[in-house]
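Participant: First to last, the protein sequences are chains A and B. The first sequence stops at residue 401 when you use the working numbering, and every number in between is there. The second sequence stops at residue 475 when you use the working numbering, and every number in between is there.
The hints are simulated quantities; they were obtained by calculation from the structure and are not laboratory data. Among the hints, a few may not be true.
One side only, chain B facing chain A, incomplete, derived with CB under 10 Å [to be verified]: (1) G404; (2) M405; (3) F406; (4) I407; (5) V431; (6) K447; (7) N448; (8) D450; (9) E451; (10) C452; (11) V453; (12) L454; (13) K471; (14) L472; (15) Y473; (16) E474.
One side of the interface only, derived from the structure: several residues of chain A facing chain B at Cβ under 8 Å [as the list claims (entries may be wrong)]: (17) S302; (18) V303; (19) I372; (20) K375.
Positions of the beta carbon are idealized from the N, C-alpha and C atoms, including for glycine.
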Amino acid sequence: MRFYEYESKALFAKHSLPMGERAVVKTKEEARAAAEKIGGPVVVKSQVLSGGRMKAGAVQFADTPDEAAEKFEHVLPIVVNGEKARSILIESKSKLVQEYFVSVTWDGRRKLPVLLFSDMGGIDIEEVAESHPEHLSRTHFSTFLPLTPRLAKEAVGKTGVTGNDLNRLTPIVFELAKLFLEYDLTLAEINPIGKLENGRFIVLDGHVDMEAEARGKHAGLLKELGIGDDETRQARPPTPFELEGARLNAVDHRGVAGNVVEFDGDLGLIIGAGGGSLTLFDAVRNHGGKPANYCEIGGNPSVGKVCNLTKLILSKPGVQKIAVMMNVVSNTRVDMVARGVIKGCIEAGKDPGEVITIFRIPGSWEEEGFKILAKHGVEFCDRSVSMYEAAGRAVAKLKAS
Amino acid sequence: MAGMFIDVQVDDAVAQDRDLSKKLVDVCAVDIFAQSEDGALQIVDKNLDECVLCDLCIQAAPDGKVRVIKLYES
Ligand code: SF4
Numbered sequence: 001m002r003f004y005e006y007e008s009k010a011l012f013a014k015h016s017l018p019m020g021e022r023a024v025v026k027t028k029e030e031a032r033a034a035a036e037k038i039g040g041p042v043v044v045k046s047q048v049l050s051g052g053r054m055k056a057g058a059v060q061f062a063d064t065p066d067e068a069a070e071k072f073e074h075v076l077p078i079v080v081n082g083e084k085a086r087s088i089l090i091e092s093k094s095k096l097v098q099e100y101f102v103s104v105t106w107d108g109r110r111k112l113p114v115l116l117f118s119d120m121g122g123i124d125i126e127e128v129a130e131s132h133p134e135h136l137s138r139t140h141f142s143t144f145l146p147l148t149p150r151l152a153k154e155a156v157g158k159t160g161v162t163g164n165d166l167n168r169l170t171p172i173v174f175e176l177a178k179l180f181l182e183y184d185l186t187l188a189e190i191n192p193i194g195k196l197e198n199g200r201f202i203v204l205d206g207h208v209d210m211e212a213e214a215r216g217k218h219a220g221l222l223k224e225l226g227i228g229d230d231e232t233r234q235a236r237p238p239t240p241f242e243l244e245g246a247r248l249n250a251v252d253h254r255g256v257a258g259n260v261v262e263f264d265g266d267l268g269l270i271i272g273a274g275g276g277s278l279t280l281f282d283a284v285r286n287h288g289g290k291p292a293n294y295c296e297i298g299g300n301p302s303v304g305k306v307c308n309l310t311k312l313i314l315s316k317p318g319v320q321k322i323a324v325m326m327n328v329v330s331n332t333r334v335d336m337v338a339r340g341v342i343k344g345c346i347e348a349g350k351d352p353g354e355v356i357t358i359f360r361i362p363g364s365w366e367e368e369g370f371k372i373l374a375k376h377g378v379e380f381c382d383r384s385v386s387m388y389e390a391a392g393r394a395v396a397k398l399k400a401s
Numbered sequence: 402m403a404g405m406f407i408d409v410q411v412d413d414a415v416a417q418d419r420d421l422s423k424k425l426v427d428v429c430a431v432d433i434f435a436q437s438e439d440g441a442l443q444i445v446d447k448n449l450d451e452c453v454l455c456d457l458c459i460q461a462a463p464d465g466k467v468r469v470i471k472l473y474e475s
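Pulled out of the complex, with its shape left as it was, chain A reads as follows (with noise of 0.2 Å):
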C-alpha cells in the first residue's frame, strides 16, 4: 500500500527527520499562501503515487509566490502515467551541494530486509548500481535482533563517505531502517538526501509501502495520515476491472476468488494457492504467455463466486482464452472450482472444451471435479504435471489456436 509524498514526510516528520518546509495545497490562492509564508524558492510537486513526475513536467520550480500559483495551475492537471494530481506540495527549494540514496526493503532471495545506501542519489539507483556499484552499499539486517546505528554507519560507511558526513547520515538511514520495521513497510526509500551548503542534510523526496495486511495492525497511523479503509493505494489506481473483481469477492464471504490486478495480455488467469499466484504467473511469462490478469483464489470460493470471477475475465477485452491453475491444495475444493469455472464460461456464451486452456487444481475432491471437467471436455491433469509445465501446455495451446 503506498504512500503519498506529503504523507511518507509526514511519517518522516513523526520520526524527527530533518525535512524543509512545507504545506500540501489544492488550490491557486493556497499555493501562493504556502510559498509566502515558506519565503524563497520553492518546488511545486504534484502528489501522485507514480514515479516520472519530472519527466511528465509535474515538479517545477518557482522563486516567487506569484510563480508559485502560476507554476500550480500548470502542474495541476498534468496527468502522470495515467494518474491525476490527489494535491499538490509546495515546499522550500535548498541549495544542494550533495545528493545520497537511501532504500530499505525486502531481499527476497535471502528472505531478509536490506538497506540500500549510495553516495551517488538522485538518479536512477540501478544506473549506479550497474556504472558505480562501488557507490552503493547493501547491508542485510535481522528482524530479530535489535537494529542499531552502528549498522547504519556500516552503510553508509562501505561508500567511502567519513567524519562529519558519515555521523550526520548515520541517524536518518537508522531511522529510516527503524521505521520501516516499526510500521511493515515494504518499502522505505529517501532520493534524495540532500547536502546544504551549511554541512546540514535534509530530506528532500520520499516514498513509503505498507505491507497492505499489516493495515489493522496501523490503522491509527492510517488515520493520522488521513488514508481512508476504502483507499487500495497500489502503485497506480485501480482499473475499473480490478474494483469489480474486488466487489464480486467481497459480496460472498466463502473463499477467495476475485484480486485480480489487470494487465493487457490475452490469457486469463485463474490462479491461487500458496503463492501458486506469483509462481504461475511467472511461469506463464516464461513461457511467452501474455496474462491478461493476475488473481487470486483460494479457501473455499462458493461455485457463484468462481464462476463471476470467471465471466468478469472473459469479459475483459483481449482475453482469447484462460487457464485454471492452482498449487497443490488440501481445503479448496476441485469439484467447486471446476463447476464454477465451466458454469462462468456457459454463461458467458462460449463452450468450456475450447476456451479453457489447462485445468490444473489438483487436492481435495479432485475425482470429482475430474468428471465435470471430463463432461464437459475441458483439458486437465493432476500434480504428476507441474505448475511450470501446465503453464507452459496453456500457453502452447493459446498460441496454437
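Guided by the hints, dock chain B with the ligand onto chain A, whose structure is given.
Facilitator: Here is chain B with the ligand on its own, set in the frame of chain A:
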C-alpha cells in the same frame, strides 16, 4: 428446475411434512432448501450448484425420500 451440475429431488410426502422440511432447511449449509409460509418445502434453484455433496439432507429424511443427483454423471 435443476442446476447445471446438481439436482435435488424430494418426495411429496417429505415436502409436505413441516418438521422434516424444517430439518432439511437446518442441515443444508448452502441454502438449497427453504420453507414457504405454510411450512411446505421449496427447492432454491439458484443455489443447487452450490451443493457440497455432504449428504446431510439424505440422512435427515427417510431412506430414498431425498435424492441428490450429480447431473455430470449421467
Ligand atoms: S447434500 Fe448437503 S449441500 Fe447438498 S443439498 Fe443436501 S444438505 Fe445441502
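Participant: All hints are to be evaluated individually against the structure, with a verdict given for each.
Facilitator: Evaluated hints:
The interface hint given for G404 of chain B is met, as the beta carbon of that residue sits about 9 Å from the closest beta carbon of chain A, less than 10 Å. Given hint, M405 of chain B at the interface with chain A, holds; its Cβ is 6 Å from that chain's nearest Cβ, closer than 10 Å. A least Cβ separation of about 5 Å between F406 of chain B and chain A falls short of the 10 Å threshold, and the interface hint therefore holds. With a cut of 10 Å, the hint placing I407 of chain B at the interface with chain A holds, because the nearest CB-to-CB distance is about 8 Å.
With its C-beta approaching chain A no nearer than about 8 Å, V431 of chain B sits inside the 10 Å limit, and its interface hint holds. Of the supplied interface hints, the one on K447 of chain B holds, with its beta-carbon coming within about 8 Å of a beta-carbon of chain A, less than 10 Å. For the restraint placing N448 of chain B at the interface with chain A, the shortest Cβ-Cβ distance is roughly 8 Å, inside the 10 Å limit, so the hint holds. The closest approach between the C-beta of D450 of chain B and any C-beta of chain A is roughly 5 Å, which is under the 10 Å cut-off, so the hint is satisfied.
For E451 of chain B, the interface hint holds, the least distance from its beta-carbon to any beta-carbon of chain A being 5 Å, beneath 10 Å. Of the supplied interface hints, the one on C452 of chain B holds, with its beta-carbon coming within about 9 Å of a beta-carbon of chain A, less than 10 Å. Checking V453 of chain B against chain A by beta carbon gives a least distance of about 7 Å; that is within 10 Å, so the hint holds. Interface hint at L454 of chain B: satisfied, since its Cβ lies 7 Å from the closest Cβ of chain A, which is below the 10 Å cut-off.
At about 8 Å, the closest approach between the beta carbon of K471 of chain B and any beta carbon in chain A falls short of 10 Å, and the interface hint on this residue holds. Look at L472 of chain B: its Cβ gets to within about 9 Å of chain A, closer than 10 Å, so that hint holds up. A cut of 10 Å between beta carbons decides the hint on Y473 of chain B: the least distance to chain A is about 4 Å, and the hint holds. Nearest Cβ of chain A to the Cβ of E474 of chain B: about 7 Å, under the 10 Å cut. The hint holds.
For the restraint placing S302 of chain A at the interface with chain B, the shortest Cβ-Cβ distance is roughly 6 Å, inside the 8 Å limit, so the hint holds. Taking 8 Å as the C-beta contact cut-off toward chain B, the hint placing V303 of chain A at the interface holds, the least distance being around 5 Å. Below 8 Å, beta-carbon pairs count as interface contacts, and I372 of chain A has one with chain B at about 5 Å; its hint therefore holds. The beta carbon of K375 of chain A is positioned within 8 Å of a beta carbon in chain B (closest approach about 4 Å), and the interface hint is therefore held.
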